[in-house]
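These are the residues of each chain, in order.
There are 2 protein chains.
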Amino acid sequence: MTSSAIAHTADLQAALVRRLGAASVITDPQDQVRYCRDWHGDVTSGAVAVLRPDSTQAVAEAVRVCAELGLAVVPQGGNTGLVLGATPDDPQHQVVLTLERMNRVRSMDPGDFSAVVEAGCVLQQVQEAAEDAGMFLGLSLGAEGSCQIGGNISTNAGGINVLRYGMAREQVLGLEVVLPDGTILDALGTLRKDNRGIDIKQLFIGAEGILGVVTAVSLKLHPRPEQVETALLGVDSLHTAIALYRRARRDCCDLMTAFEFMPPSAFMLAREAIPSLTLPIAMDHPGYVLMELSGSGLVDMRALLDRFLENVMADELVRDGVVAASRAQAANLWKFREAMNEGQAQRGAHLRTDVSVSLSQLSSFVEQAETRLRAEFPDCLTLSYGHVGDGNVHINVIPPASADAVERDRVIHDAKDCINAVIDEFRGSISAEHGIGRLKRPEFEARISDPRRQLLTAIKRAIDPDGRLNPNCQIRCNA
Amino acid sequence: MTSSAIAHTADLQAALVRRLGAASVITDPQDQVRYCRDWHGDVTSGAVAVLRPDSTQAVAEAVRVCAELGLAVVPQGGNTGLVLGATPDDPQHQVVLTLERMNRVRSMDPGDFSAVVEAGCVLQQVQEAAEDAGMFLGLSLGAEGSCQIGGNISTNAGGINVLRYGMAREQVLGLEVVLPDGTILDALGTLRKDNRGIDIKQLFIGAEGILGVVTAVSLKLHPRPEQVETALLGVDSLHTAIALYRRARRDCCDLMTAFEFMPPSAFMLAREAIPSLTLPIAMDHPGYVLMELSGSGLVDMRALLDRFLENVMADELVRDGVVAASRAQAANLWKFREAMNEGQAQRGAHLRTDVSVSLSQLSSFVEQAETRLRAEFPDCLTLSYGHVGDGNVHINVIPPASADAVERDRVIHDAKDCINAVIDEFRGSISAEHGIGRLKRPEFEARISDPRRQLLTAIKRAIDPDGRLNPNCQIRCNA
Numbered sequence: 001m002t003s004s005a006i007a008h009t010a011d012l013q014a015a016l017v018r019r020l021g022a023a024s025v026i027t028d029p030q031d032q033v034r035y036c037r038d039w040h041g042d043v044t045s046g047a048v049a050v051l052r053p054d055s056t057q058a059v060a061e062a063v064r065v066c067a068e069l070g071l072a073v074v075p076q077g078g079n080t081g082l083v084l085g086a087t088p089d090d091p092q093h094q095v096v097l098t099l100e101r102m103n104r105v106r107s108m109d110p111g112d113f114s115a116v117v118e119a120g121c122v123l124q125q126v127q128e129a130a131e132d133a134g135m136f137l138g139l140s141l142g143a144e145g146s147c148q149i150g151g152n153i154s155t156n157a158g159g160i161n162v163l164r165y166g167m168a169r170e171q172v173l174g175l176e177v178v179l180p181d182g183t184i185l186d187a188l189g190t191l192r193k194d195n196r197g198i199d200i201k202q203l204f205i206g207a208e209g210i211l212g213v214v215t216a217v218s219l220k221l222h223p224r225p226e227q228v229e230t231a232l233l234g235v236d237s238l239h240t241a242i243a244l245y246r247r248a249r250r251d252c253c254d255l256m257t258a259f260e261f262m263p264p265s266a267f268m269l270a271r272e273a274i275p276s277l278t279l280p281i282a283m284d285h286p287g288y289v290l291m292e293l294s295g296s297g298l299v300d301m302r303a304l305l306d307r308f309l310e311n312v313m314a315d316e317l318v319r320d321g322v323v324a325a326s327r328a329q330a331a332n333l334w335k336f337r338e339a340m341n342e343g344q345a346q347r348g349a350h351l352r353t354d355v356s357v358s359l360s361q362l363s364s365f366v367e368q369a370e371t372r373l374r375a376e377f378p379d380c381l382t383l384s385y386g387h388v389g390d391g392n393v394h395i396n397v398i399p400p401a402s403a404d405a406v407e408r409d410r411v412i413h414d415a416k417d418c419i420n421a422v423i424d425e426f427r428g429s430i431s432a433e434h435g436i437g438r439l440k441r442p443e444f445e446a447r448i449s450d451p452r453r454q455l456l457t458a459i460k461r462a463i464d465p466d467g468r469l470n471p472n473c474q475i476r477c478n479a
Numbered sequence: 480m481t482s483s484a485i486a487h488t489a490d491l492q493a494a495l496v497r498r499l500g501a502a503s504v505i506t507d508p509q510d511q512v513r514y515c516r517d518w519h520g521d522v523t524s525g526a527v528a529v530l531r532p533d534s535t536q537a538v539a540e541a542v543r544v545c546a547e548l549g550l551a552v553v554p555q556g557g558n559t560g561l562v563l564g565a566t567p568d569d570p571q572h573q574v575v576l577t578l579e580r581m582n583r584v585r586s587m588d589p590g591d592f593s594a595v596v597e598a599g600c601v602l603q604q605v606q607e608a609a610e611d612a613g614m615f616l617g618l619s620l621g622a623e624g625s626c627q628i629g630g631n632i633s634t635n636a637g638g639i640n641v642l643r644y645g646m647a648r649e650q651v652l653g654l655e656v657v658l659p660d661g662t663i664l665d666a667l668g669t670l671r672k673d674n675r676g677i678d679i680k681q682l683f684i685g686a687e688g689i690l691g692v693v694t695a696v697s698l699k700l701h702p703r704p705e706q707v708e709t710a711l712l713g714v715d716s717l718h719t720a721i722a723l724y725r726r727a728r729r730d731c732c733d734l735m736t737a738f739e740f741m742p743p744s745a746f747m748l749a750r751e752a753i754p755s756l757t758l759p760i761a762m763d764h765p766g767y768v769l770m771e772l773s774g775s776g777l778v779d780m781r782a783l784l785d786r787f788l789e790n791v792m793a794d795e796l797v798r799d800g801v802v803a804a805s806r807a808q809a810a811n812l813w814k815f816r817e818a819m820n821e822g823q824a825q826r827g828a829h830l831r832t833d834v835s836v837s838l839s840q841l842s843s844f845v846e847q848a849e850t851r852l853r854a855e856f857p858d859c860l861t862l863s864y865g866h867v868g869d870g871n872v873h874i875n876v877i878p879p880a881s882a883d884a885v886e887r888d889r890v891i892h893d894a895k896d897c898i899n900a901v902i903d904e905f906r907g908s909i910s911a912e913h914g915i916g917r918l919k920r921p922e923f924e925a926r927i928s929d930p931r932r933q934l935l936t937a938i939k940r941a942i943d944p945d946g947r948l949n950p951n952c953q954i955r956c957n958a
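Protein chains in written order, with the numbering used here: chain A, 1 to 479; chain B, 480 to 958.
To be clear, the hints were calculated from the coordinates, so they are not data collected in a lab.
Hints are not guaranteed to be accurate.
Interface residues of chain B toward chain A, partial, derived using beta-carbon atoms under 10 Å [claimed, not checked]:
no.	residue
1	His519
2	Pro589
3	Cys731
4	Ile942
Coverage of chain B stretches by chain A, computed from C-beta distances (three or more under 8 Å per stretch; other residues unrestricted) [said to hold, decoys possible]:
no.	region
5	621-627
6	665-678
All C-beta atoms, glycine included, are put in the ideal place defined by N, C-alpha and C.
If we strip away everything but chain A, and leave its shape as in the complex, we get (with noise of 0.2 Å):
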């Protein structure tokens, strides 16, 4: 940085502390890594400051601040995304905007299942409000004891209950959000039904904050599901997992809350983050799914899997499975499917992906996507899995232990590349859950199409003319 940068920022900051008061920027920049740095930690950038408002008027007043200094506006949650969304890429002219402050739930309805709690609940605070008044959020996904109800939102998350409650969008009912002016659009209501023209709350969700800055929502909660039941399986193969699945929907009446598919290669990675971890199924099988029944009241949950299963196993769909009979051997069969997660990150940098295609293509699409991968990559560990009830799977490549950063950065590009050519074959998602953020937006603008191009960059346009609200952040409008 020049000196008169230095002088400037300096004098941005001066004027910052003045106007919001000190207790609400943070200009250290020691104090500020943790929000200039991405989860994973691969990138680190700076700000001119991290601002800290602790009200829906201070956001406001934040924001109103940033434009008449000329600052843009990085509004960032939990911090826990994985595609540089909520970080910033400009330390000259950007200031990050953390809601952690704004953690108040202010309402909890159990009458009309639902709340409104401020963007900076941590997920799972919200998670546990609901259950002490006996309900139930439908949002889980790892992240929960650090990710913000608002990130949620803005990234539209998805988790692992979506086959029974869907993505973010479908838990909202309300929004308030900050606009790029400093306007609030109060949008809070808990209607269950409201067609007063446009919904324009459906816009924000899901926005990663390129066009306001969301500051509380309402959400729908649920019957809280007293039983929980959770298999594991052992199966032919993904596309018998699949076959399994539909059967699934329709014998168990679609109270399943999740169904994840993990490949064999998955507990080797799991042994290697917990040496100790055993699991009463045989590892021998093709494929294993994670299955969980969920419900209150009067359906005995436990009754419906185990014939459920018996009826699956007398038709060959399913080559072995165990139920869990307690929450600790439950706990168990899920911290299989952690702990494959750990094994990976301990393997070093390698290529995560986090693609969808229609259900019914999927098993032809991982064929096609692990067969090239092996024939190209024939050193790395490829290994597809995830919630495979909504199409979506994660086909990670592992370089070997020997590659040295060069060689895992090629891989990683590589495989990327051989991975988008099969997506765009299947018509599929580049982004099943995480969003483009700054990591995926060269590759989402090389295949958005030109009408969907000038739409959203009409939308930004029109909302935030001056592209104050996290620029270079999914589009950029001067392309």
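Since the structure of chain A is already known, use the hints to place chain B on it.
Below, chain B alone, put in the same frame as chain A:
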């Protein structure tokens, strides 16, 4: 019309016929009537022409030609809407664009739980095509024999299954839309999870055709509910009905597909329409609930309903009840619900509303509204019924038989103001499922917040800068 206007209209008609072909252009005023008169027959207008394109390309061409000729386009589905959203109001400057010839099922993929259909498919046709494939579409409403799926999407239709499957929005996986400049937006995928940037298709759902013409839609399908159990229950009050609803969601594991509340006067009205109608339950209860459980596979719905009713009768939430023992008996219970509507129609012009509040406030809201209505309109019959689980009621006010047209108009106008005042106090919606159209635009515009108005206007101008699509519907941008 002046002779120069007539000559101008004739020129425009000739140009449309020349550009689009005689088979696609209706100019005869008699042939236009059914496209230019609203569903209730209350309002009849006219148009330069009615255009009947038979493909997406032909819709795009029609929209482009109209733009060149300076004509505005009013898109129309089955013309069953209740708020004048699909009929013209400026005969010399508007055409109606009907989607009725675009009525092909493009694909039906039970393995993917999805279908792709053209906008002009009648809803019932889509339901039947799904059923033929062993699947189920989660959208059902009174007009399903006439309304078209494109209209359902454009109005975000509700109906009787919202409880379980959500509004029309939640059935949509993808859309194909002709934009105001004639560009075709192909967003017709069937992906369940796709977080590639802002979900642009959401804008067109519930937009009542002011941003684009929906030409095709990808829909979610569900396993077909093989067991449907229906009960008619007598309850103490709406308050108790709501308590029963909450209990049913928990105890019946969210497997309800309908929960309709009716007051005792509903039976009187139903009998006026069908004098022979008899019901297997006493007609002197303060309220009635028509409840339906549906499911597929291994859950025994009848046993579930029986156990539930046993419990809630023991707990005195239900005074009396009957479960349909056959499809014919279930149809008879539903006939009660439908005949009530016919009975109202036979009473002549009256006020129909479609409002919603939060479920926690629903019974207080109805009590206050009814108290005020009975005080102000003592000679009228006031009745409140509807999809209680969604917080959605129809509070209708029927003038006495002796009232003349002038008196009826006065009641309709004043009673609406009376209900709207209570709605505003409860922060409810003046249009839960019917939309805004041209009919409710003044009420809508009077209540909308400045930030929301600015956003809607900015989006309309960004996408339809010349105001070519469905002008005067929902919001006036030049206002």
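Review point. Would the stated hint for Pro589 of chain B survive a check requiring a Cβ distance to chain A of less than 10 Å?
Key: For Pro589 of chain B, the interface hint holds, since the closest Cβ of chain A sits about 8 Å away, which is under 10 Å.
**Study point:** Outcome, coverage of the region 665-678 of chain B by chain A - at least 3 residues whose beta-carbon is closer than 8 Å to one in that chain
**Key:** holds (count 13)
Point to revise | Stated coverage of the region 621-627 of chain B by chain A [criterion: 3+ residues, CB within 8 Å] | key: violated (count 0)
Exercise for review: Hold the hint about Ile942 of chain B up to the distance rule: shortest CB distance to chain A must be less than 10 Å.
Suggested key: Hint holds; Ile942 of chain B Cβ to chain A Cβ min 6 Å, cut 10 Å.
Point to revise | Hinted contact His519 of chain B with chain A - closest CB pair below 10 Å | key: At 18 Å from the nearest chain A Cβ, His519 of chain B fails the 10 Å test, so the hint is violated.
**Study point:** Status of the hint placing Cys731 of chain B at chain A (closest C-beta pair under 10 Å)
**Key:** Cys731 of chain B check passes; min Cβ-Cβ to chain A is 6 Å, inside 10 Å.
Against the hints set out earlier in the document, violations occur for numbers 1 and 5.
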